[in-house]
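**Student:** Chains as they are written, first to last, in this note's numbering: chain A, 1 to 333; chain B, 1 to 333.
One or more hints might be untrue.
The list makes no distinction among identical chains, and a pair is therefore deemed to hold if it is satisfied within one copy or across any two copies.
Derived DSSO-like pairs: lysine-lysine, alpha-carbon spacing no greater than 30 Å straight-line [as the list claims (entries may be wrong)]:
1. Lys331 with Lys203
2. Lys81 with Lys232
3. Lys213 with Lys233
4. Lys81 with Lys142
5. Lys138 with Lys10
6. Lys321 with Lys202
7. Lys331 with Lys232
8. Lys203 with Lys321
9. Lys203 with Lys233
None of these hints come from the bench; they were simulated from the model.
Number of protein chains: 2
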Amino acid sequence: MSITIKDVAKKTGVSITTVSQILNGKGQRFSEKTREKVWSAAEELNYKANYFAQNMVTKQTQTIGVIIPDITNTFYSDMIKGIEDYLYENGFMVLLCNSTDNEERENLYLNQLVHRSVDGFIIASSTISDEMIFDLLKKNDKPYILLDRKREEHESDNIIVDDTEGGYVATEHLITLGHRNIGVITSSSSDVNVHNRFVGYKKCMEDYGLLMKEEWIMRETLSMSGGYEAAKKLLQADVSAIFATSDQLAIGVYRAASEVGVCIPEQLSLIGYDDIELASYMSPPLTTIHQPIYEIGKLAAETLIHRIMNPEEAAKNHLVKTRLVVRSSTKVL
Amino acid sequence: MSITIKDVAKKTGVSITTVSQILNGKGQRFSEKTREKVWSAAEELNYKANYFAQNMVTKQTQTIGVIIPDITNTFYSDMIKGIEDYLYENGFMVLLCNSTDNEERENLYLNQLVHRSVDGFIIASSTISDEMIFDLLKKNDKPYILLDRKREEHESDNIIVDDTEGGYVATEHLITLGHRNIGVITSSSSDVNVHNRFVGYKKCMEDYGLLMKEEWIMRETLSMSGGYEAAKKLLQADVSAIFATSDQLAIGVYRAASEVGVCIPEQLSLIGYDDIELASYMSPPLTTIHQPIYEIGKLAAETLIHRIMNPEEAAKNHLVKTRLVVRSSTKVL
Numbered sequence: 001m002s003i004t005i006k007d008v009a010k011k012t013g014v015s016i017t018t019v020s021q022i023l024n025g026k027g028q029r030f031s032e033k034t035r036e037k038v039w040s041a042a043e044e045l046n047y048k049a050n051y052f053a054q055n056m057v058t059k060q061t062q063t064i065g066v067i068i069p070d071i072t073n074t075f076y077s078d079m080i081k082g083i084e085d086y087l088y089e090n091g092f093m094v095l096l097c098n099s100t101d102n103e104e105r106e107n108l109y110l111n112q113l114v115h116r117s118v119d120g121f122i123i124a125s126s127t128i129s130d131e132m133i134f135d136l137l138k139k140n141d142k143p144y145i146l147l148d149r150k151r152e153e154h155e156s157d158n159i160i161v162d163d164t165e166g167g168y169v170a171t172e173h174l175i176t177l178g179h180r181n182i183g184v185i186t187s188s189s190s191d192v193n194v195h196n197r198f199v200g201y202k203k204c205m206e207d208y209g210l211l212m213k214e215e216w217i218m219r220e221t222l223s224m225s226g227g228y229e230a231a232k233k234l235l236q237a238d239v240s241a242i243f244a245t246s247d248q249l250a251i252g253v254y255r256a257a258s259e260v261g262v263c264i265p266e267q268l269s270l271i272g273y274d275d276i277e278l279a280s281y282m283s284p285p286l287t288t289i290h291q292p293i294y295e296i297g298k299l300a301a302e303t304l305i306h307r308i309m310n311p312e313e314a315a316k317n318h319l320v321k322t323r324l325v326v327r328s329s330t331k332v333l
Numbered sequence: 001m002s003i004t005i006k007d008v009a010k011k012t013g014v015s016i017t018t019v020s021q022i023l024n025g026k027g028q029r030f031s032e033k034t035r036e037k038v039w040s041a042a043e044e045l046n047y048k049a050n051y052f053a054q055n056m057v058t059k060q061t062q063t064i065g066v067i068i069p070d071i072t073n074t075f076y077s078d079m080i081k082g083i084e085d086y087l088y089e090n091g092f093m094v095l096l097c098n099s100t101d102n103e104e105r106e107n108l109y110l111n112q113l114v115h116r117s118v119d120g121f122i123i124a125s126s127t128i129s130d131e132m133i134f135d136l137l138k139k140n141d142k143p144y145i146l147l148d149r150k151r152e153e154h155e156s157d158n159i160i161v162d163d164t165e166g167g168y169v170a171t172e173h174l175i176t177l178g179h180r181n182i183g184v185i186t187s188s189s190s191d192v193n194v195h196n197r198f199v200g201y202k203k204c205m206e207d208y209g210l211l212m213k214e215e216w217i218m219r220e221t222l223s224m225s226g227g228y229e230a231a232k233k234l235l236q237a238d239v240s241a242i243f244a245t246s247d248q249l250a251i252g253v254y255r256a257a258s259e260v261g262v263c264i265p266e267q268l269s270l271i272g273y274d275d276i277e278l279a280s281y282m283s284p285p286l287t288t289i290h291q292p293i294y295e296i297g298k299l300a301a302e303t304l305i306h307r308i309m310n311p312e313e314a315a316k317n318h319l320v321k322t323r324l325v326v327r328s329s330t331k332v333l
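For reference, chain A alone in the conformation it holds in the complex (with noise of 0.2 Å):
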């Protein structure tokens, strides 16, 4: 006769209930001591739930589907261990995609994630189509929040982050500087996020009645390599600045700026975007504008798991500020 639920908790003298919530991953409240007791005697006995048979049952699986376009660039692991950390917290698990911006593979991700029935989507990838997402999830009737990526008209939970103003802010603390000839790095996919923050960067520019050259605008992969590429272009413009709309960017302009003998931020000031933890490991440390990237993490998959627990309420959507760090990449011209 297979063990049972009721087995382990004859053998720890505890109910039912306490044990099926500790297997279950959610039995935080309880004390170290009875989670302890509860996982030993399961252990011991070799219990093993019938995982899926309940699940045919409770339609839950506890398992939130992450899809992220590039899980090596430390933005997307910071905040996926904000995602995780909150997950875990609650008994829930992540099911990893990384989708590398193909399209192919989302969409046979985001299909695979519907057919294994996960709970929720976080989804941070901005090559889906909005199409897509609204017919798929819509159609299974699953919540989902979108992460740093193009959104309609979606009724879905939003995290957002005023890029606009992020690039603005960055900008202008280059003119206040008293740099005129600002270079600035794009993405050249279709990220609304890093998208935004060059709108940022062009609304300065023209409040201040500031020229913008053709050249001194580049659109790369948002990668070390990317900004490399890009900067070997801008440092042969007149530029005196250069805005990195990513810090990975702005990792790939130290190289090019090294490689030709310019020294930052003598020659050149160099603002970044992220705030990511190797920012202030540069040489110098890096200026750029901080986003809480871990917190974005922590907020989406609370955001969504709220949803999941209360589908009925309305959409919300989270604005999450930004703002300036000022290291040594910066200088008055």
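Given chain A, put chain B in place with the hints provided.
**Tutor:** Then chain B, alone, in the frame of chain A:
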């Protein structure tokens, strides 16, 4: 009546097997046209496979549990990318567990993964006890791969990086450049791989008959801030070169050196370990020991899937070689 796979096959005019393989993410060998036809028919009919009912029959979940200590460490995110790329191609998905080197969290995750009937485990977290892995996974007859952690005489497949050799080569490079007073930064936790790099350092120093002062040996957490703290102390000792046993640690050394105005490599030679992408972006670019991190992830996934398909085969050890990559952070004394 609910829609079945037969209806999808009928609508698209392909066989039931073809539909099944494509919808289960195993359709890579079919043309893009066929795949698209099947997906859109399934979508139009709003076909939903009963995943749980399926799994109760096949006992396969097409899911691999991956336990790592820190997703925000580029080393692990590169590894995950390798794992995930291979699994994606083979129709498996990743349940990601970030253990934060917390033993309770690791144990809970391990139990959850068993509970969820994942098909196999990739474990790159050093604090899970051998007993835990052995008891839990053996008892449940679960295939697993151990990476970057202490290995006892398990009968499991292993991916082994020759870290003692790598540590030896790093140290010898510094000695060849004329350095005698060589500091080392190693891990304060129980990572066997990092420890082996330190063993390589000691062996090399002994072979060359060089002194190792206590104050030249730093033990820190494997992070940028760990490297920074260690370097602040080493820069007050009489060393002319530092071997940082991971590139993350080395990045911290750059910061500490820059803060006190010590120039790399003119006043301090620095060698790292791992060769993360960032290494070549540092100023000056970091000399380091290259290990093929992405390929190690891929190999781990490949070995695990092979094991799942061939449970009776004898366990294998895969040895991965490292190599010295000389950039500009080391110099003749």
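**Student:** The structure should be examined with respect to each hint, and the outcome stated for every one.
**Tutor:** Right, here's what the structure says about each hint:
1. Lys331 with Lys203: within (22 Å within a copy, 47 Å between copies)
2. Lys81 with Lys232: between (34 Å within a copy, 29 Å between copies)
3. Lys213 with Lys233: Within one copy, since 13 Å is at most 30 Å while 48 Å is not.
4. Lys81 with Lys142: both (23 Å within a copy, 27 Å between copies)
5. Lys138 with Lys10: between (44 Å within a copy, 25 Å between copies)
6. Lys321 with Lys202: Answer is within: at 20 Å inside a copy they meet the 30 Å cutoff, but 50 Å across does not.
7. Lys331 with Lys232: both (21 Å within a copy, 27 Å between copies)
8. Lys203 with Lys321: Classified as within; 18 Å inside a copy, 52 Å across copies.
9. Lys203 with Lys233: Answer is within: at 23 Å inside a copy they meet the 30 Å cutoff, but 47 Å across does not.
Checked against the numbered hints above, the structure breaks none of them.
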